[in-house]
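Please take these sequences and the hints and turn them into a complete structure.
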Amino acid sequence: MTSQVSQDSAKEVRRLDRVVIRFAGDSGDGMQLTGDRFTSETASFGNDLSTLPNFPAEIRAPAGTLPGVSSFQLHFADHDILTPGDAPNVLVAMNPAALKANIADLPRGAEIIVNTDEFTKRAMAKVGYAASPLEDGSLDGYSVHPVPLTTLTVEALKEFDLGRKEAGRSKNMFALGLLSWMYHRPTEGTERFLRRKFAKKPQIADANVAAFRAGWNFGETTEDFAVSYEVAPASQAFPAGTYRNISGNLALSYGLVAASQQADLPLFLGSYPITPASDILHELSKHKNFGVRTFQAEDEIAGIGAALGAAFGGALAVTTTSGPGVALKSETIGLAVSLELPMIVVDVQRGGPSTGLPTKTEQADLLQAMYGRNGEAPVPIVAPATPAECFTAALDAARIALTYRTPVFLLSDGYLANGSEPWRIPEPDELPDLRTQFATTTNHTLDDGTDVFWPYKRDPQTLARPWAVPGTPGLEHRVGGIEKQDGSGNISYDPANHELMVRTRQAKVDGVQVPDITVDDPSGGAKVLVLGWGSTYGPITAAVRRVRRGGDVVAQAHLRHLNPFPANLGTVLRQYDKVIVPEMNLGQLALLLRATYLVDAQPYTQVRGLPFKAEQLHDVIKEAIDHG
Amino acid sequence: MADTLTHGPVQPSHALSLVPKADAAQSAKDFKSDQEVRWCPGCGDYAVLAAVQGFLPELGLAKENIVFVSGIGCSSRFPYYMNTYGMHSIHGRAPAIATGLAASRRDLSVWVVTGDGDALSIGGNHLIHALRRNVNLKILLFNNRIYGLTKGQYSPTSEAGKITKSTPMGSLDAPFNPVSLAIGAEASFVARTVDSDRKHLTDVLRQAAEHPGTALVEIYQNCNIFNDGAFEVLKDKQQALEAVIRLQDGEPVRFGAPAEDGLGGKGVVRDPATGDLRVVDVAEHGTDGILVHDAGAASPTTAFALSRLADPDTLHHTPIGVFRSVRRPVYDTLLADQLEAAVEQNGKGDLSALLHGKDTWTVVG
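Top to bottom, those sequences are chains A and B.
If you read the first sequence in my numbering, its first letter stands for residue 60, the second for the next number, and so on.
If you read the second sequence in my numbering, its first letter stands for residue 76, the second for the next number, and so on.
Below 20 Å or equal to it, Euclidean Cα-Cα: the simulated EDC-like pairs (lysine to aspartate or glutamate) are:
id	chain 1	residue 1	chain 2	residue 2
1	A	K345	B	D434
2	B	K104	A	D510
3	B	K423	A	E342
Simulated from the structure, these hints should not be mistaken for lab results.
Printed below as a string of structure tokens:
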């Protein structure tokens with residue numbers, strides 16, 4: 060494709076250090092695919108990048124309406140970046156609804172590419188435009204490129220035996236071609252992708268490739284696009300290694316497969332489809348050649364029940380869900396706490412309560428994960444900070460589950476799940492050894508000299524109980540949700556024994572080994588600490604950098620373990636005059652910190668279904684520094 | 076691949092062919108745990124426990140490869156008394172938990188012990204889906220038509236109008252017939268037996284154990300505290316003559332006081348107009364057209380019709396025995412086949428190749 064670019068092109072090329080592009084259109088316009096492809100091109104070019112897909116819960120919301128708008132934002136740069144960007148430099152608006160829904164996010168001077176074919180009176184009236192925004196001067200502050208995308212696409216495909224409607228469907232590929240030209244993206248990958256995707260319909264593959272090329276050539280030849288842009292690869296930003304682009308849900312799936320391999324245990328996933336976690340079920344279902352068993356259950360409860368049964372049988376057991384599913388699984392999580400069997404509970408958080416915002420992000424399940432069960436039922440909690448980190452979080456959750464024989468929460472969220480970033484692929488020898496020992500012999504001698512197996516006789520270091528799986532002769536035993544006698548595991552209603560067992564289960568989780576939290580405080584003189592957890596890492600870090608560039612001093616730390624907290628957390632918190640905790644909930648981590656450490660941690664909260672913006676957090680931190 | 080697995084011939088494999096055998100002969104004592112049995116004196120559960128412990132040695136399976144999983148309720152204490160692996164789980168969820176275990180460990184003989192409240196009320200969803208999937212599970216449904224552990228509320232199998240602590244003016248809802256429900260849920264093996272008939276109970280358990288796939292055995296079980304005598308009509312020798320229809324595969328469905336030919340004086344025939352089944356007097360009707368029981372019939376229609384003969388209030392004309400026993404693909408076998416097929420098609424999983432995927436780039440340090 061690049062060979063088709065004329066060598067004597069006289070067009071100006073400008074160098075940029077970073078760009079934020081947002082593709083927006085109807086949910087049927089293929090914006091997520093377009094964004095994905097542009098992302099892949101950008102990743103293979105070597106830029107650092109971060110993405111934010113944003114789409115409605117409805118599969119096909121009414122066409123041309125504001126609720127039906129689907130968008131995909133991509134931030135890419137020649138240096139390392141942390142967020143999908145606060146505000147787009149370029150908006151591709153496939154229809155009036157897409158323009159109207161997104162214009163408020165654009166700074167003055169941004170470029171807008173609009174598909175003029177869709178700006179009919181009727182379509183504009185549908186979203187409340189009395190006059191055409193392309194003509195009434197309301198976009199004067201922007202650099203608008205009116206392009207009849209549909210007409211041009213149909214024209215480019217006239218050799219194909221396609222109707223106008225069908226040909227018009229390739230307009231997203233035309234737009235992708237145009238943007239690929241504007242930003243000098245490599246195109247071979249997209250052409251390869253289209254040929255693979257439509258392998259069974261070669262004519263459709265050809266048509267899409269033709270539309271894609273036509274878009275590129277349109278940029279190259281038309282007067283309206285006088286400038287193209289180069290964003291150099293982020294060669295300094297990355298340590299040496301082999302990289303790929305990866306989303307959180309994919310990284311999490313791979314992490315689970317890797318954990319199964321490293322533990323030498325078959326992976327069993329019991330799950331019920333739920334947004335935004337279903338992609339993990341889809342992905343793991345593809346890897347049966349790794350011995351992965353995926354079980355789509357009749358409901359959330361059966362999903363975790365089957366996982367727990369598999370754990371009893373010696374599998375690495377996992378259940379994946381979102382907040383509403385966790386609510387249904389609570390009783391079984393409590394049983395797993397009581398049975399002390401290893402299991403990973405993945406909660407890809409979304410907006411709540413109830414059905415809430417299925418496709419939008421939130422961090423409001425922290426307290427549910429922490430406390431949402433009857434009785435004292437402590438469960439360790441691991442939370443990845445970035446999409447790629449979902450891989451290591453899965454391995455870490457498996458480590459804790461297997462070492463301590465306990466269910467473990469892995470709290471991801473919708474933003475991590477669907478967002479993506481470059482990931483340095485680890486070498487096999489970098490992965491942790493997760494092998495564990497099943498019990499094979501009796502472990503206790505009764506007063507009468509009989510050797511017996513006691514299922515609740517603990518490892519003195521970890522307080523973990525032995526994992527004796529069915530099929531092991533001589534270790535036949537019964538476990539259950541009724542309180543058990545310490546050691547023997549027999550039913551016991553003895554008051555002192557219950558006290559001991561409750562406190563022992565708590566002590567086991569409190570004693571889970573997690574790394575100390577590290578504080579980024581380059582000057583050592585900061586008075587304000589910003590502490591986050593989960594997916595707020597990107598915007599917090601970007602905001603902290605911005606604050607420091609402005610000459611101010613601030614410390615930053617990020618929690619990957621929320622239960623137990625790192626051992627040094629209390630000491631760290633007390634070193635600062637002010638602790639700010641940005642969270643996408645109403646202050647759940649801050650509540651835990653205040654209760655645990657008696658420090659005046661100040662939450663800064665937002666529940667808009669969207670990640671924080673770096674600028675917004677910059678202002679919050681600056682305010683804390685200036686008026687602390 | 077999935078298509079051929081679903082529609083291809085069912086593997087002839089025995090339900091227990093992958094379960095290791097015991098090294099030595101076993102006795103009932105081998106299956107008794109050291110725990111004191113804590114059911115109420117006189118409870119029907121004792122008889123079932125003794126029957127299970129008495130019949131398992133016949134199978135000759137390594138007892139470490141046998142697992143009992145239960146939910147919540149009186150009968151769900153069962154696993155504690157068995158010297159096998161066991162799990163006493165949470166209310167209604169045993170079929171789901173056992174499904175995960177059986178689907179991932181084909182070398183185990185997995186049994187579910189449940190009750191009418193556990194299986195048909197709080198756990199109804201898991202029960203029907205386990206039956207539909209045909210996982211290699213044996214489900215023993217202890218039906219006493221009452222809630223025992225919570226001290227005497229009506230259950231989903233209680234007769235309508237039942238006076239209990241929670242229904243002082245009589246219960247309002249119609250009961251489930253567990254056998255009808257199971258047949259409707261695509262069960263491949265459905266049987267009914269009675270706690271006090273040790274021989275019949277053992278015979279049904281034996282057939283269930285050997286059935287590849289999910290087997291549901293409804294066991295009428297007397298709760299002598301909260302619903303005493305609920306099945307008396309089936310147990311009293313004189314009344315049972317009229318009340319009990321013993322199903323035997325390949326035999327005419329006859330019951331009641333003997334006719335001249337020595338078989339039961341009553342018979343079951345198909346009504347030519349409706350296709351439904353009804354009871355006739357053999358002396359009047361003659362022996363022609365008496366239904367011959369065929370548990371292996373491909374269609375569940377006649378088995379279902381048999382299950383509807385019983386009067387839910389009086390229990391008259393209650394068939395016991397194996398209603399249905401058909402071969403169809405077993406979930407865990409299909410799952411294992413898919414894993415094998417995936418390795419055949421794509422080779423054994425290579426983690427490094429998986430992590431690399433198709434689009435990578437290299438940064439040189």
